[in-house]
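There are 2 protein chains.
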Amino acid sequence: MPSKYQSLLTKVYEIHDLGKALAVLYWDKQVNMPPKGNAARTQQITTLSRLLHQMSTSDEMGEMIEAAAVELNGADYAGDEASLIRHLRRSYANARKLPPQFVARMSQLAGEAHPVWVKAREDNDFASFQPYLEQVIEMCQEMAELYGYEDEKYDALLDKYETDMKTAEVRATFDAVKAALVPLRQAIDERGTAVDDSIVHQPFPIEKQKEFARYIADAIGYDFSRGHLGTVVHPFAASFSRDDARITTRWYPDFLNPSLFGALHESGHAMYEQGTHPDLARTPLARGTSLGIHESQSRMMENVVGRSRGFWQAHFPKLQECFPEQLGQHTAEAFFRAINKVQPSFIRVEADELTYNFHIILRFELEQAMLNGDLAAKDLPTAWNDKMNEFLGVVPSNDSEGCLQDVHWTRPGFGYFPTYALGNLYAAQLWETAVVQHPEIEEELNQGKTNTLLAWLRENVHQHGRKFTPRELIQQVTGKPLSHEPFMRYATAKFTDIYGL
Amino acid sequence: MPSKYQSLLTKVYEIHDLGKALAVLYWDKQVNMPPKGNAARTQQITTLSRLLHQMSTSDEMGEMIEAAAVELNGADYAGDEASLIRHLRRSYANARKLPPQFVARMSQLAGEAHPVWVKAREDNDFASFQPYLEQVIEMCQEMAELYGYEDEKYDALLDKYETDMKTAEVRATFDAVKAALVPLRQAIDERGTAVDDSIVHQPFPIEKQKEFARYIADAIGYDFSRGHLGTVVHPFAASFSRDDARITTRWYPDFLNPSLFGALHESGHAMYEQGTHPDLARTPLARGTSLGIHESQSRMMENVVGRSRGFWQAHFPKLQECFPEQLGQHTAEAFFRAINKVQPSFIRVEADELTYNFHIILRFELEQAMLNGDLAAKDLPTAWNDKMNEFLGVVPSNDSEGCLQDVHWTRPGFGYFPTYALGNLYAAQLWETAVVQHPEIEEELNQGKTNTLLAWLRENVHQHGRKFTPRELIQQVTGKPLSHEPFMRYATAKFTDIYGL
Chain R
380 MPSKYQSLLT KVYEIHDLGK ALAVLYWDKQ VNMPPKGNAA RTQQITTLSR LLHQMSTSDE
440 MGEMIEAAAV ELNGADYAGD EASLIRHLRR SYANARKLPP QFVARMSQLA GEAHPVWVKA
500 REDNDFASFQ PYLEQVIEMC QEMAELYGYE DEKYDALLDK YETDMKTAEV RATFDAVKAA
560 LVPLRQAIDE RGTAVDDSIV HQPFPIEKQK EFARYIADAI GYDFSRGHLG TVVHPFAASF
620 SRDDARITTR WYPDFLNPSL FGALHESGHA MYEQGTHPDL ARTPLARGTS LGIHESQSRM
680 MENVVGRSRG FWQAHFPKLQ ECFPEQLGQH TAEAFFRAIN KVQPSFIRVE ADELTYNFHI
740 ILRFELEQAM LNGDLAAKDL PTAWNDKMNE FLGVVPSNDS EGCLQDVHWT RPGFGYFPTY
800 ALGNLYAAQL WETAVVQHPE IEEELNQGKT NTLLAWLREN VHQHGRKFTP RELIQQVTGK
860 PLSHEPFMRY ATAKFTDIYG L
Chain C
380 MPSKYQSLLT KVYEIHDLGK ALAVLYWDKQ VNMPPKGNAA RTQQITTLSR LLHQMSTSDE
440 MGEMIEAAAV ELNGADYAGD EASLIRHLRR SYANARKLPP QFVARMSQLA GEAHPVWVKA
500 REDNDFASFQ PYLEQVIEMC QEMAELYGYE DEKYDALLDK YETDMKTAEV RATFDAVKAA
560 LVPLRQAIDE RGTAVDDSIV HQPFPIEKQK EFARYIADAI GYDFSRGHLG TVVHPFAASF
620 SRDDARITTR WYPDFLNPSL FGALHESGHA MYEQGTHPDL ARTPLARGTS LGIHESQSRM
680 MENVVGRSRG FWQAHFPKLQ ECFPEQLGQH TAEAFFRAIN KVQPSFIRVE ADELTYNFHI
740 ILRFELEQAM LNGDLAAKDL PTAWNDKMNE FLGVVPSNDS EGCLQDVHWT RPGFGYFPTY
800 ALGNLYAAQL WETAVVQHPE IEEELNQGKT NTLLAWLREN VHQHGRKFTP RELIQQVTGK
860 PLSHEPFMRY ATAKFTDIYG L
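Respectively, the protein sequence lines represent chains R and C. Take the first sequence: its letters are residues 380 to 880, numbered as in this note's numbering. Take the second sequence: its letters are residues 380 to 880, numbered as in this note's numbering.
Keep in mind that a hint or two might mislead.
Any copy, or any two copies together, can satisfy a pair, since identical chains are not distinguished.
[Said to hold, decoys possible] Each computed DSS-like pair below joins lysine-lysine, with the alpha-carbon atoms no more than 30 Å apart:
#1 Lys873 <-> Lys390
#2 Lys828 <-> Lys697
#3 Lys859 <-> Lys557
#4 Lys383 <-> Lys697
#5 Lys766 <-> Lys873
#6 Lys589 <-> Lys408
#7 Lys415 <-> Lys589
#8 Lys589 <-> Lys766
#9 Lys383 <-> Lys757
#10 Lys828 <-> Lys415
#11 Lys498 <-> Lys539
#12 Lys390 <-> Lys415
#13 Lys766 <-> Lys408
#14 Lys476 <-> Lys545
#15 Lys766 <-> Lys697
The set of hints was computed from the structure by calculation and includes no laboratory data. As the structure is a prediction and not an experimental result, all values here were calculated from the model.
Please take these sequences and the hints and turn them into a complete structure.
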């Protein structure tokens, strides 16, 4: 007779495989599906989601988890078995808190709100989207009550994306970031040498962009023999196993950054998945532990590595080879400066490494206000513009480049946004530790290589998958809890140099 | 309370959606998946197949079908409801005959054998594939016993792909084809004017091949707004709904035919799926009724339409536009002759319209011998080469261009091959009827158009999906049972003309 844990594993594998089939349906929808295929695909996704929810939340599943937990009592906390039990208990309990009708209402609302938002953004018509935002706020409030919380309502939602993270902790950290970034940005404004980024705004043939994206993803360690590069409108990474972790990007004919930094960013995500330990395969532990830690891996490759001087000293000649007319006359240093230009702007996904954080902090503060009933949907545009002015000194001329720009609020998904900025902070904190432990990482980077860095990330972060919470992982790897200081040290040094402050 | 039929439909939809998710997993495996992703994908496919089999063969499912059948007693035979009940009863009974462990073993074997076959074919190493072929033969034998049969073992397997077709019937028809083709082929050999096909063997830039493939697929009526063109090693078509029916092809840098006729062939398949009636959506009736009828649609587009003189009189100028250096100096007539060159060759998928049938008859005969225990896996290469010599007067110099060339025997799929040649016969029989009923079809074809033909196929074949068996459908549309005569009339006229016999 198999052990209780073995029986549980068999069930876990089945649920996992079904979940990955669902992930393939989503991936294919974005990458290959013709638009008219959407109605049938939505039915397929709905059916698989329902089956998955039934299997994951059945009484039988709960009993199997508890039976295995009893059998494993006293097992090593850091072992695969105990870690899986911890994860399953948490996710099972959370999934059981949402009644099926509520889950159905959520996906119904998301389905209805999305096309309205698309049109509202096109037409710059916030009023038409407002009733849906009101429902999103209400459902977020309802969801917070269903999940429950000890200190703040927002904790209940944040926990979905960043397990065990508290709002108060994020707020304190973000406040510290804000306090430190404001004078840095002012110094750049007032005393910085001008940075010219016109060289990334030229016609760049797409076939050559594709060639270079493959080259540079390979250079940082993305394993194409266990991966695939697809083309989409909104880039993302997805993995169906550690041996099939995919990236996507988009191609602009006259702007190099989206494809280039998109490829680096998504490769960072996919390399995390490629690095999970084989023993975790077919369990929910075989993926990045949280959205914030995931984002730290993508931001590490996109920014810390991919926007560094040394890296481009090494790789700029290859980029020139791909684009001799566009870049043949320019230096690696000029390119390095161009891709690091700091400039307040309206659109989050186009923001530079510094001002990006303000975009996130703004959303984090507005989400709390909406959730707590301090900000009504109708007052969002004004609140948004006020904060843009306060944080970045610019005011969007319309809501399409203001509070209508992101897809995230078309579904009850408050709590997601802060993980983007947490990723920047985690990335800097991990990087600082890695370089202290292996000073050769910086020397390698000057040669365009990431071998030691990647080996260190594999050892300390990737292989563990979801065994530890972000809090546990960061403490264990860096010896300290989350802090804004490494990011500020990194950013201050980098931009002081670039802008000659 | 919903009717019994409505309850059944709800269940049918769920099973259908899961089956389509499985189809996406297969499609993605061929088109996008990195090779190393295969192990995990095989597990995912195995899990979904098992769930699907459980749901399709549950006692509950059987009771629901019978309850709905009672409720619908007396419903119109040709109606959607009665047709669905007939189909479900048949497929339920068949599926119940295969134990779940057997189904799991089949998909496991297929997953393992495929990469071994790919490598064996590359390395021309039959010995490494032989153990897998032995397992395939054993599982086919086991499957025939599980399904059961009245006359011949092979009937049990053939029925899976060509419902209600008997081996004896296929044998008699194929023997008639063989008897009639041999003198035609001899006449071509002995008295035919030489046909030069060197113009299709030139360097053809792949990007231009892609452009033309899209052009010509669109020209025959494949709807790209409900489709997608992917690149693969072994082309196929797949549909996830009538609004997402995909084609794939491959690109040879110095041979035009594979991409061109591959695109036409797979478009023919996909157009069948795109043409199924919307009312059949999410039921097993929403697809082609049998592999043979399916193949009749692909062969119709590839050969009857796509290798006709009139069609190329209309479309050759566009082809010249894509390849001015290669084709600028040639005539449509020269191209028409080149793509209709009859020449015994080793590779089935590259064979001409006439000799193709010999490749199929060879496989049909060898499969029966292996299934009946008259031919062991280890003796396949010799038997293969002997038959090639007998039928076509040529002997492959190695197994990669002999018995290792096809993917089909990497899974327990005996019974599939004959449907390819049946497709040629059905295509000619349908074409003959269509042209009698609508003589303008030939005139349109001379202008490169297929409108009336496609409308006729939609009306008489496509919209019915799987409501009727191939036998019923052919009788109903052409007024006669399957016959080799229309094909022989078509082929004799065409090649007598081309070869000046």
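Discussion item. Check the structure against each numbered hint from earlier and tell me which ones fail, lowest number first.
Written reply: Those not satisfied are hints 1, 4, 8, 9, 13 and 15.
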